[in-house]
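Take the sequence shown: its letter number 434 is residue 1108 in my numbering, and every next letter is one higher.
Mixed in with the good hints there might be a few duds.
Here are the computed lysine-lysine pairs in the BS3-like style, where the Cα-Cα straight-line distance is at most 25 Å [stated by the list, open to error]:
1. K751 - K891
2. K752 - K901
3. K748 - K804
4. K878 - K744
5. K1100 - K744
6. K827 - K752
7. K891 - K1050
8. K804 - K751
9. K744 - K1050
10. K891 - K752
The following label-pair restraints were derived from C-beta to C-beta distances [said to hold, decoys possible]:
11. E801 - Q971: 46 to 54 Å
12. L1097 - F899: 20 to 28 Å
13. E967 - F899: 20 to 28 Å
14. A1161 - D1103: 38 to 46 Å
15. R969 - K891: 30 to 38 Å
16. R852 - E801: 13 to 21 Å
17. L1074 - C883: 48 to 56 Å
18. M1147 - I687: 27 to 35 Å
19. G897 - L694: 37 to 45 Å
20. G1017 - K891: 51 to 59 Å
21. I890 - G1115: 29 to 37 Å
It is worth saying that the hints were derived from the structure and are not from the lab. Everything numeric in this text was worked out from a predicted model, so none of it was measured. Note that beta-carbon positions come from the ideal geometry of N, C-alpha and C, so glycine has one too.
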Amino acid sequence: MGSIAQATIIIMIMNLASRLLGFVRETVIAREFGATSFTDAYLVAYTLPYFLQAVLGMALVTAIVPVVTKYLVKGEKKEAWRIASITLNWTALLMAAFTLVGIFGARVLVFLTAPRFDEATAGLAIELTKIMFPSLLFMGVGMLVTGILNANKRFAVAAFAPGFSSLIIIFSVLLLGRFGVHYLAWGTLLSMVGFMLLQLPALKKVGFCYYWDWNIKHPEVRGIFLKLLPIFGGTAVNQLYLAINRIFASGLAEGSISALNYAGKLMNLPMGVFVLAVSSAIYPSLAEQAYRENRDQLGRTLTRGLRLVLLVTLPAAAGLMALKEPIVRLLFERGAFDSVATGMTAEALFYFCLGMFAVAANMVITRAYYALGDVKTPLVLGFWSIVVNVVASIALTPYLRHAGLALANSLAAAFNALGMYALLRKHVDCLYLPELFRSVGKYLAGSLLTGFAAYYLYSYLVGAVFVGQGIKMLLINVLGSVVAGVAVYGVALLLLREEETMGFLKKIWARLKENPSN
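Throw the hints in and build the complete structure from the sequences for me.
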C-alpha cells in the first residue's frame, strides 16, 4: 500500500498542476468568449471528439493495463511490447477512420448533438467540428502510451500531459483568440498533438520497443479489442450524461450549455486532482491482485481507495455548495462572462455537487470490475443509469431549467454507484463494509460542519470585516472561508478519531522524529 500512496501523491501533484492549468484555460476562454452562442457552438463541436477522447481513450487505458501488467509480472517484457505495438498500430488506423467519418459527417453530428440550434450557430459548430476531429488520432495513440506507462507504474508524465495540452490552448486564445473562435478550435487540435508527443520520451525510458506488427489474431490483442466496446460503454456514462445535457440544454436559454460546462469543470477539479490519482494508482495493483487471484487483498485495496476518495470529495462537495456563487464569480466573472452567467453556473454547480460522491466512487469501483475481467456489469448498469438520467431530465427541466439537468446527472450517478457496489459481491466476498461505513459516517459529519462553517464565515466576512466589491476582497473572503472549512473538517475528523487522518498524522510525526530540525 506504500507504493500506492506514493503513486497517488505523484499523480495528485501532476493532476493538480494539470487541473489548475485547465481552469486557467476555462477562465481565458470565458473571458474572451463568455457564455454566448460562440462558446455554445465550440462546446457542441467539441462534444463528440471530446466524448471519444475521454471515453475511448479511457477504455484503451483500461483494456491494456491488465494485459501489459500480466506479462510484466511474468517477466515477459518483449511479449508485452509486442502486444502493445499491435494495439497501437490498429488504434492509429481506427482513429484515422473515425476522423474521416467525423469530418465528412460533421453536419449530421452537429444536428444530432444540438438539434435546436439556430442556423448560424449550427453552421459555426459544423466548421469547428471539421477542424477538431483529427485530434482523435493523436488522442488514441497518446492514451495508449498512458496505459503502457501506467502498467509500468510510471505516472508523472502521463498525469501532466493534459496540463501541457491546456497550456497550448491558453496560448492559442491569448495570442489569437481576438480573431475568432476558429483559432480556439485550431489550438484544441494542436493541444492533442502536444499531449501525445510529451509522453514519448517517458515511453523510451521504460524500455519500450516498438514492433511493426499487425497481427490482429494475437489472442491478447483480440481480447483487448473485444473488451474495448463493453468497456467503452461502461466508461462512457459520464460523457453521455454531458451529451444528454447539451441535447436538452440546446433548447433552453442562451448560455445554458456553457453554464453547465463551466459548472461541470469546477465540480471536476477535486475529481481530477485526487479521485483520478487514487483510481489510477490502485488500478495496476488491482490488476495484479486479480491475476494472482488474491481476492481478499483486492477487496482491501478497493475499500482503501473508496475511503480515500470519499475523504476528499464529501467535504469538497459541501464547500462548493456553500460557496457556489462567490467561487464562480472569483474564477470566471470577467470580460464577456457577466453576473447572469455567474448565477446560471452557480445554480448548476449546486446540483452537480449532490452527486459528486457517486461519480468519485464509480471511478474506483469500475477499476475493480475491469481488473477482474468483468466488462458486462458496468455496461449494463451504465445503460440503466442513462435511462434514469433521461427520465429525470425530462421530469426536472420544466421546473429547474438547466439546473434540472445537473440534478438528473447526480441522481443517475448515485443509481450507478450504489448498483455497482452492491453487485461487486459476486466477485469479492469481503468488502470490509463496517470499516467503510464507519469512515463515511465520520466524513459526512465533518462535511456538514465544513459547509456550515464556510457559508456562515463568508457571510460574516462580506458583511462585517472585508467589505468591498473588488476582486481582492472577494479573493480574501473566499480563501478565508475555504481555509476555515478545511480546518473545521480536520478538527472534526481528529475528534472522531478517523483512521485515515490519524494514520496520516502518525506518518508525519514518525518522519519528523527521523529527521528532527536543527
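To see whether the hints hold, each was checked on the structure:
Taking the CA atoms of K751 and K891, the gap is about 20 Å. The hint holds against a cut of 25 Å. With a C-alpha separation of about 23 Å, the suggested pair K752 and K901 falls inside the 25 Å cut-off, and the hint holds. For the hint linking K748 to K804, the alpha-carbon distance of about 45 Å lies beyond 25 Å, and the restraint is violated. Simply put, K878 and K744 have alpha-carbon atoms about 20 Å apart, close enough for the 25 Å limit, and the pair holds.
With a C-alpha separation of about 23 Å, the suggested pairing of K1100 with K744 holds against the 25 Å cut-off. At roughly 17 Å between alpha-carbon atoms, K827 and K752 fall within 25 Å of each other, so this suggested pair holds. Among the hinted pairs, K891 with K1050 is consistent with the structure: their alpha-carbon atoms are about 23 Å apart, no more than 25 Å. Restraint check: the Cα-Cα separation between K804 and K751 comes to about 40 Å, which exceeds 25 Å; the hinted pair is violated.
For the suggested pair K744 and K1050, the alpha carbons sit about 21 Å apart, so the restraint of at most 25 Å is met. For a cut-off of 25 Å, the pair hint linking K891 to K752 stands: about 18 Å separates their Cα positions. Taking the beta carbon of each, E801 and Q971 are about 53 Å apart, inside 46 to 54 Å as hinted. Between L1097 and F899 the beta carbons are some 25 Å apart, a value that agrees with the proposed interval 20 to 28 Å.
Distance hint check for E967 and F899: the Cβ-Cβ separation is about 25 Å, which falls inside the suggested range of 20 to 28 Å. For the pair A1161 and D1103, the beta carbons lie near 40 Å from each other, so the given range of 38 to 46 Å is met. A hinted range of 30 to 38 Å holds for the C-beta pair R969 and K891, which are about 32 Å apart. Between R852 and E801 the C-beta distance comes to about 18 Å, which sits within the given range of 13 to 21 Å.
At roughly 55 Å, the beta carbons of L1074 and C883 sit within the given window of 48 to 56 Å. At about 31 Å, the beta-carbon gap between M1147 and I687 stays in the expected band of 27 to 35 Å. For the pair G897 and L694, the beta carbons lie near 38 Å from each other, so the given range of 37 to 45 Å is met. At about 58 Å, the CB distance of G1017 to K891 agrees with the hint of 51 to 59 Å.
I890 and G1115 have their C-beta atoms about 51 Å apart, which leaves the hinted 29 to 37 Å range violated.
Consistency note: the structure conflicts with the earlier hints numbered 3, 8, 21.
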